[in-house]
Amino acid sequence: MEKKNIDIDVSKLTSNCFRQSKVKGECMLQMRVPGAVIKAEHLKYAVEIAEKWGNGDFHLGTRQTLSIPGIKYEDVSAVNKFLQSYIKGVEVDTCGVEMEVDSNGYATIGARNIMACIGNKHCLKANVNTTELARKLEKQIFPSPYHIKIGISGCPNDCAKGHFNDFGIIGLVKPEYDYERCIGCGKCVEACQGHATRVLTLTEDKKISKDSCCCVGCGECIVACPTGAWRRNPQEFYRVTIGGRAGKQYPRMGKMFLNFVTEEVLLKMLANWESFSADVLNHKPVYIHGGHLIDRAGYYNFKDKILAGVDLNPEAEVADHIYWAETEYRANIHVK
Amino acid sequence: MAFSLNYQKIDDILAKLSSDYDIYAPVRLVGEGKFSATDRIQYDKITRAEQIVYNEKSDFSPREIISPITQTLFYFTENEFIENLPESRSIIIFARPCDINAFKRLDKIFLENGDFADSYYKSRRDKVHFALLDCKGGWESCFCVSMGTNKTSDYSLAVNFNSKTVEIEVNDSSFNKYFNDIKQCSYQYNFVKKNKIEVELPEIRPEQIEKISDLQIWQEYGQRCKSCGSCTAVCPSCSCFTTRDISYKENKKAGERRRVWASCLHPDFTEMAGGHSYRETAAARIRFRTLHKIYDYKKRFDTVNMCVGCGRCTDTCTQLISFATLLNRLSQEIKKLSVLEEGVEYVSKSSSS
Numbered sequence: 000m001e002k003k004n005i006d007i008d009v010s011k012l013t014s015n016c017f018r019q020s021k022v023k024g025e026c027m028l029q030m031r032v033p034g035a036v037i038k039a040e041h042l043k044y045a046v047e048i049a050e051k052w053g054n055g056d057f058h059l060g061t062r063q064t065l066s067i068p069g070i071k072y073e074d075v076s077a078v079n080k081f082l083q084s085y086i087k088g089v090e091v092d093t094c095g096v097e098m099e100v101d102s103n104g105y106a107t108i109g110a111r112n113i114m115a116c117i118g119n120k121h122c123l124k125a126n127v128n129t130t131e132l133a134r135k136l137e138k139q140i141f142p143s144p145y146h147i148k149i150g151i152s153g154c155p156n157d158c159a160k161g162h163f164n165d166f167g168i169i170g171l172v173k174p175e176y177d178y179e180r181c182i183g184c185g186k187c188v189e190a191c192q193g194h195a196t197r198v199l200t201l202t203e204d205k206k207i208s209k210d211s212c213c214c215v216g217c218g219e220c221i222v223a224c225p226t227g228a229w230r231r232n233p234q235e236f237y238r239v240t241i242g243g244r245a246g247k248q249y250p251r252m253g254k255m256f257l258n259f260v261t262e263e264v265l266l267k268m269l270a271n272w273e274s275f276s277a278d279v280l281n282h283k284p285v286y287i288h289g290g291h292l293i294d295r296a297g298y299y300n301f302k303d304k305i306l307a308g309v310d311l312n313p314e315a316e317v318a319d320h321i322y323w324a325e326t327e328y329r330a331n332i333h334v335k
Numbered sequence: 000m001a002f003s004l005n006y007q008k009i010d011d012i013l014a015k016l017s018s019d020y021d022i023y024a025p026v027r028l029v030g031e032g033k034f035s036a037t038d039r040i041q042y043d044k045i046t047r048a049e050q051i052v053y054n055e056k057s058d059f060s061p062r063e064i065i066s067p068i069t070q071t072l073f074y075f076t077e078n079e080f081i082e083n084l085p086e087s088r089s090i091i092i093f094a095r096p097c098d099i100n101a102f103k104r105l106d107k108i109f110l111e112n113g114d115f116a117d118s119y120y121k122s123r124r125d126k127v128h129f130a131l132l133d134c135k136g137g138w139e140s141c142f143c144v145s146m147g148t149n150k151t152s153d154y155s156l157a158v159n160f161n162s163k164t165v166e167i168e169v170n171d172s173s174f175n176k177y178f179n180d181i182k183q184c185s186y187q188y189n190f191v192k193k194n195k196i197e198v199e200l201p202e203i204r205p206e207q208i209e210k211i212s213d214l215q216i217w218q219e220y221g222q223r224c225k226s227c228g229s230c231t232a233v234c235p236s237c238s239c240f241t242t243r244d245i246s247y248k249e250n251k252k253a254g255e256r257r258r259v260w261a262s263c264l265h266p267d268f269t270e271m272a273g274g275h276s277y278r279e280t281a282a283a284r285i286r287f288r289t290l291h292k293i294y295d296y297k298k299r300f301d302t303v304n305m306c307v308g309c310g311r312c313t314d315t316c317t318q319l320i321s322f323a324t325l326l327n328r329l330s331q332e333i334k335k336l337s338v339l340e341e342g343v344e345y346v347s348k349s350s351s352s
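Sequence lines, in order, name chains A and B.
The first sequence: position 321 = 320 (numbering that gives the first Met the number 0), numbered continuously.
The second sequence: position 183 = 182 (numbering that gives the first Met the number 0), numbered continuously.
One thing to keep in mind: the hints can contain errors.
Distance ranges between label pairs, derived from CB positions [claimed, not checked]:
1) TYR178/A with ASP171/B: 35 to 43 Å
2) TYR178/A with GLY136/B: 34 to 42 Å
3) LYS120/A with ARG47/B: 26 to 34 Å
4) GLN207/B with SER211/A: 47 to 55 Å
5) GLU219/B with TYR299/A: 33 to 41 Å
6) GLU325/A with ARG47/B: 38 to 46 Å
7) GLU179/A with LEU110/B: 46 to 54 Å
8) LEU110/B with GLU203/A: 27 to 35 Å
9) GLU86/B with GLU203/A: 45 to 53 Å
10) THR302/B with LYS120/A: 42 to 50 Å
11) GLU131/A with LEU110/B: 30 to 38 Å
12) ASP11/B with TYR178/A: 32 to 40 Å
Mimicking PhoX-like on lysine-lysine, the simulated pairs with C-alpha atoms at most 25 Å apart in a straight line are [unchecked claim]:
13) LYS248/B with LYS206/A
14) LYS254/A with LYS267/A
15) LYS107/B with LYS135/B
16) LYS206/A with LYS252/B
17) LYS251/B with LYS209/A
18) LYS297/B with LYS335/B
19) LYS126/B with LYS193/B
20) LYS251/B with LYS205/A
21) LYS150/B with LYS193/B
22) LYS251/B with LYS206/A
23) LYS248/B with LYS209/A
24) LYS205/A with LYS126/B
25) LYS11/A with LYS38/A
26) LYS107/B with LYS297/B
27) LYS38/A with LYS160/A
28) LYS23/A with LYS38/A
29) LYS209/A with LYS210/B
30) LYS205/A with LYS15/B
31) LYS195/B with LYS15/B
32) LYS11/A with LYS23/A
33) LYS334/B with LYS298/B
34) LYS205/A with LYS163/B
35) LYS206/A with LYS15/B
36) LYS138/A with LYS120/A
None of these hints come from the bench; they were simulated from the model.
Quick reminder that beta carbons are idealized off the backbone N, C-alpha and C, glycines included.
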């Protein structure tokens, strides 16, 4: 270890979005990029911080933050002062977060950066505007001291890996079938077989039959259809997975909690996360994965509390039970 | 004669016309496009002017109004059948010159191909009047001027929508009665004179066809084309259909015969008994479609080319194939063929038609 006389409150440093480095005396700043989209002009802040106070490197954070390693502890307050207009530009001006921005940097790291794929502004597959949703959610969760990790994907491909977040949000479409426009070419059947859940079949009459039970709402049939027989229903829907996480002991992929909910339902449900967390944690915001928190509360308790006051849309489905499946690097994890 | 109207007045006239005609125009289906947060523009019945999408090219062509995608031809029982000729009122279609010219191409196929006229097509087609939509300069993928389809005289009305007013040229005196007491103006339809792209059509001599079929360009496009058939679905001059007999589930002895659009880009288009197919590769299929559009049809009917240069195939292609670019490249390739030394014996590599 380097023989340096350093005295830093690491937990306060972490809450301020600076991560302790193995290099004694240094830390790494993590700048939030909600939904992973900012104006290019905001990148200049990262460049300047990296060149002026960092070690010149720039790291693309694994949660899509702009991360600047090699910042000296003594420079943290200068960096925070410089960060003020970035935080205002991104959090207040872009996301509409209601907060006072001062020169002390980020107030909390609790609610983590909201990850997202590029969404329907660009992607041919996406069903929703992930950037806009991320910004609405940022307004709702930041700056909460309670830990929450959200990943948003525009379609069930889940490129943003929502399945490994506390909450994975996936944009869905409910395709409408127009019998008269269908020429029975089977392109949608091929697409569904190749990319999705094989719910479409070509009937004897050369039209399409759909097993609606297992449609994942990806919209591949719509894109594949040459005549527009599959029509995009303009109402956007979401799937929500919960409890996903990585980790050394027992990584767990998130399981489906809600299916085909509207944005209104989604936002109202997530608005209950903070009070649910406070309740389970006895009002002490500590670092705990969402999945563990749900385990601690029990799924049924979680379900009641997180859906309290939420009027589900008619299409919405809610998981009765959750059967978690973990990769147990340490066996018998539930036996204490 | 031409008239200038505000939107209230044009709606009054549309209401009067609606009692005599079914009026079809391109309408916008908001958020129902192929991709998320995109619209779809396709033809539908309208009653009000604000429904008409006048400043964008429609994604689908008006041909489905006259030649429906799925059409029941007759119903049958064991001993009888009942013909299902469409009972149609008179029709007004808001369309641009390219699409009106495309109907002329369809007329050849449905009414003059062989020694009988297709009564299902004819029963509706005979009742069509066109209201010419102003192109307002056209769009980037259009090449109507190159195809000679930028003009038409087959229209009853010509209409120019502006933000507050609508100008209408009446080209058919039977429509005069709808325009009593309307302010006259000097509007005249502006036919597009120049497109952003020009297409040089290849000159093909029949004896070159085999060599043209063997051109490498088809292999290249065959690699790119996914055989989705979207280009044929949006095409105003495509006419291919297949027939299907449907037996009702409760009583297999009763049923109906339908015709349904077919696409020469789909692998099963040339499939025969035993599973044999003439055109097994995407390359062969895209070659067939291209040559049909700019050579075969013209040769068959000794008339104009089938393609009207609307560019919808280019607009819809998810593999970003531009039909205009393909045609220009083909022309260059054929020119190269033509300068090959005479007397060099050509050995065909192709066994397909």
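Against the structure, the hints come out as follows:
A C-beta distance of roughly 36 Å is found between TYR178/A and ASP171/B, which places it inside the suggested range of 35 to 43 Å. In this structure the supplied range 34 to 42 Å holds for TYR178/A paired with GLY136/B, their Cβ-Cβ distance being about 38 Å. The given range of 26 to 34 Å is respected by LYS120/A and ARG47/B, whose C-beta atoms sit roughly 32 Å from each other. Taken as a hint, the range 47 to 55 Å holds for the pair GLN207/B and SER211/A, whose Cβ atoms sit roughly 53 Å apart.
Range check, GLU219/B to TYR299/A: Cβ separation about 60 Å, and the 33 to 41 Å hint is violated. For the pair GLU325/A and ARG47/B, the beta carbons lie near 59 Å from each other, so the given range of 38 to 46 Å is not met. Hint check: GLU179/A to LEU110/B, Cβ distance near 24 Å, so the stated range 46 to 54 Å is violated. Against the hinted window of 27 to 35 Å, the Cβ-Cβ separation of LEU110/B and GLU203/A comes to about 33 Å, which satisfies the hint.
Range check, GLU86/B to GLU203/A: about 29 Å between beta-carbon atoms, so the 45 to 53 Å window is missed. Remark: the range hint 42 to 50 Å for THR302/B to LYS120/A is upheld by a beta-carbon distance near 46 Å. The hinted window of 30 to 38 Å between GLU131/A and LEU110/B is violated, with their beta carbons roughly 52 Å apart. Taking the beta carbon of each, ASP11/B and TYR178/A are about 36 Å apart, inside 32 to 40 Å as hinted.
A hinted pair counts as satisfied when its Cα atoms are at most 25 Å apart, and LYS248/B with LYS206/A qualifies at roughly 14 Å. In summary, the hint linking LYS254/A to LYS267/A is supported, as the alpha carbons are separated by about 20 Å, within the 25 Å threshold. The hinted pair formed by LYS107/B and LYS135/B fails the criterion: a straight-line CA distance of about 29 Å is larger than 25 Å. With a CA separation close to 20 Å, the supplied pair LYS206/A and LYS252/B stays within the 25 Å bound.
Simply put, LYS251/B and LYS209/A have alpha-carbon atoms about 23 Å apart, close enough for the 25 Å limit, and the pair holds. A hinted pair counts as satisfied when its Cα atoms are at most 25 Å apart, and LYS297/B with LYS335/B qualifies at roughly 23 Å. A threshold of 25 Å between alpha carbons decides the hint, and for LYS126/B with LYS193/B the separation of about 32 Å lies outside it, so the pair is violated. Between the alpha carbons of LYS251/B and LYS205/A the distance comes to roughly 16 Å, so the proposed pair stays at or under 25 Å and holds.
For the proposed pair LYS150/B and LYS193/B, the alpha carbon gap of about 12 Å is at most 25 Å, so the pair holds. Between LYS251/B and LYS206/A the CA atoms are separated by roughly 17 Å; this keeps the pair inside 25 Å, and the hint holds. With a CA separation close to 18 Å, the supplied pair LYS248/B and LYS209/A stays within the 25 Å bound. For a cut-off of 25 Å, the pair hint linking LYS205/A to LYS126/B is broken: about 31 Å separates their Cα positions.
Between the alpha carbons of LYS11/A and LYS38/A the distance comes to roughly 29 Å, so the proposed pair goes past 25 Å and is violated. Taking the CA atoms of LYS107/B and LYS297/B, the gap is near 11 Å; set against the 25 Å cutoff, the hint holds. Between the alpha carbons of LYS38/A and LYS160/A the distance comes to roughly 23 Å, so the proposed pair stays at or under 25 Å and holds. A distance of roughly 34 Å separates the Cα atoms of LYS23/A and LYS38/A; the hinted pair therefore is violated under the 25 Å criterion.
Taken as a hint, the LYS209/A and LYS210/B pair is broken in the structure, with Cα atoms around 46 Å apart against an allowance of 25 Å. With a CA separation close to 41 Å, the supplied pair LYS205/A and LYS15/B exceeds the 25 Å bound. Of the supplied pair hints, the one linking LYS195/B and LYS15/B is violated, its CA atoms being roughly 39 Å apart against a limit of 25 Å. Between LYS11/A and LYS23/A the CA atoms are separated by roughly 17 Å; this keeps the pair inside 25 Å, and the hint holds.
This hinted pair checks out: LYS334/B and LYS298/B have alpha carbons roughly 19 Å apart, not beyond 25 Å. Taken as a hint, the LYS205/A and LYS163/B pair is broken in the structure, with Cα atoms around 47 Å apart against an allowance of 25 Å. A distance of roughly 39 Å separates the Cα atoms of LYS206/A and LYS15/B; the hinted pair therefore is violated under the 25 Å criterion. This hinted pair checks out: LYS138/A and LYS120/A have alpha carbons roughly 21 Å apart, not beyond 25 Å.
Checked against the numbered hints given earlier, this structure breaks hints 5, 6, 7, 9, 11, 15, 19, 24, 25, 28, 29, 30, 31, 34 and 35; the rest are met.
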